[in-house]
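Given next are the chains, with one letter for each unit.
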Amino acid sequence: KQEVTQIPAALSVPEGENLVLNCSFTDSAIYNLQWFRQDPGKGLTSLLLIQSSQREQTSGRLNASLDKSSGRSTLYIAASQPGDSATYLCAVKGSGAGGTSYGKLTFGQGTILTVHP
Amino acid sequence: NAGVTQTPKFRVLKTGQSMTLLCAQDMNHEYMYWYRQDPGMGLRLIHYSVGEGTTAKGEVPDGYNVSRLKKQNFLLGLESAAPSQTSVYFCASSYSNPYNEQFFGPGTRLTVL
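Here the protein sequences line up with chains A and B, keeping their order.
Residue numbers for the first sequence follow the working numbering, beginning at 1 and rising by one.
Residue numbers for the second sequence follow the working numbering, beginning at 1001 and rising by one.
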């Protein structure tokens, strides 16, 4: 059974810092990995999608990497801003025995990020 | 393009009452999903559909039923609500290609008293 773990559970940083959020998964048989942002009381906004064949994806100040063989992904946020404060979730879409083509996502518990001025 | 929409946004039920949550998407996606999000448990898949007229169980299907009579709509029903069903419910959709991303709706916050 696929399990996804995110470390740290919570992170508080001053504005302007570069930071890294970590995601690990137990089954490397995946189609892709998706990073989401969730603001309090809101839905999930997709930030980056990395296919299993890719090593990284970039969008603005965000860079996500994927090391499928070791079951790890990182989300790097450059020059953090108070507006980046949110919960960040990673989710993997399994392709092995625990996954199917219908696209079941397995989510981590999330990292709560606070960027203070 | 509204993306994925959900109604209602909030609802309070008494134990034993029934209700239906509606999810609609305008992206012509084949696949649709219902998840629930609970503190400490993350998001878990309740039911999903791979096309109009089809539904299947996810990880936590007990106490819920679903229907997909039209491609753009996916309904989640609670026949007899229980306090354990207090949660935030998210609908998502995607193309049938497993390499595509899932798009999520804004959620429905349900409280069962």
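Don't take every hint at face value.
[Said to hold, decoys possible] EDC-like mimics (lysine to aspartate or glutamate), calculated; alpha carbons at most 16 Å apart, straight line:
no.	chain 1	residue 1	chain 2	residue 2
1	B	Lys1070	B	Asp1026
2	A	Lys68	A	Asp39
3	B	Lys1071	B	Asp1026
4	A	Lys104	B	Glu1101
5	A	Lys104	B	Asp1026
6	A	Lys68	A	Glu56
7	A	Lys104	B	Glu1059
8	A	Lys1	B	Asp1026
9	A	Lys104	A	Asp27
10	A	Lys42	B	Asp1038
[What the hints assert, rightly or not] Incomplete in silico selection of chain B near chain A, CB under 8 Å:
no.	residue
11	Gly1042
12	Leu1043
13	Gly1105
14	Gly1107
Everything labelled a hint here was simulated from the structure, so no lab data went into it.
Beta carbons: idealized from backbone N, C-alpha and C, even for Gly.
Hint-by-hint comparison with the structure:
For the hint pairing Lys1070(B) with Asp1026(B), the CA-to-CA distance comes to about 12 Å; that is within 16 Å, so the pair holds. About 28 Å separates the Cα atoms of Lys68(A) and Asp39(A), which puts this hinted pair outside 16 Å; it is violated. Restraint check for Lys1071(B) and Asp1026(B): satisfied, since their Cα atoms lie roughly 9 Å apart, inside the 16 Å limit. A C-alpha spacing of about 11 Å is found between Lys104(A) and Glu1101(B), which places the hinted pair at or below 16 Å, so the restraint holds.
With a CA separation close to 21 Å, the supplied pair Lys104(A) and Asp1026(B) exceeds the 16 Å bound. Proximity of Lys68(A) to Glu56(A) is assessed by CA-CA distance (about 11 Å); at most 16 Å being required, the pair is judged to hold. For the suggested pair Lys104(A) and Glu1059(B), the alpha carbons sit about 10 Å apart, so the restraint of at most 16 Å is met. Among the hinted pairs, Lys1(A) with Asp1026(B) is inconsistent with the structure: their alpha-carbon atoms are about 33 Å apart, more than 16 Å.
Between Lys104(A) and Asp27(A) the alpha-carbon distance is near 14 Å, which keeps this suggested pair within the 16 Å criterion. Proposed proximity of Lys42(A) and Asp1038(B) is supported: the alpha carbons are some 14 Å apart, at most 16 Å. Checking Gly1042(B) against chain A by beta carbon gives a least distance of about 5 Å; that is within 8 Å, so the hint holds. This hint holds: Leu1043(B) has a C-beta 4 Å from the nearest C-beta of chain A, less than the 8 Å allowed.
Proximity of Gly1105(B) to chain A holds as hinted, the smallest CB-CB distance being about 6 Å (cut-off 8 Å). The beta carbon of Gly1107(B) comes within 5 Å of a beta carbon in chain A, closer than 8 Å, and the hint placing it at the interface holds.
Violated hints, in rising order: 2, 5, 8; the structure is consistent with all others.
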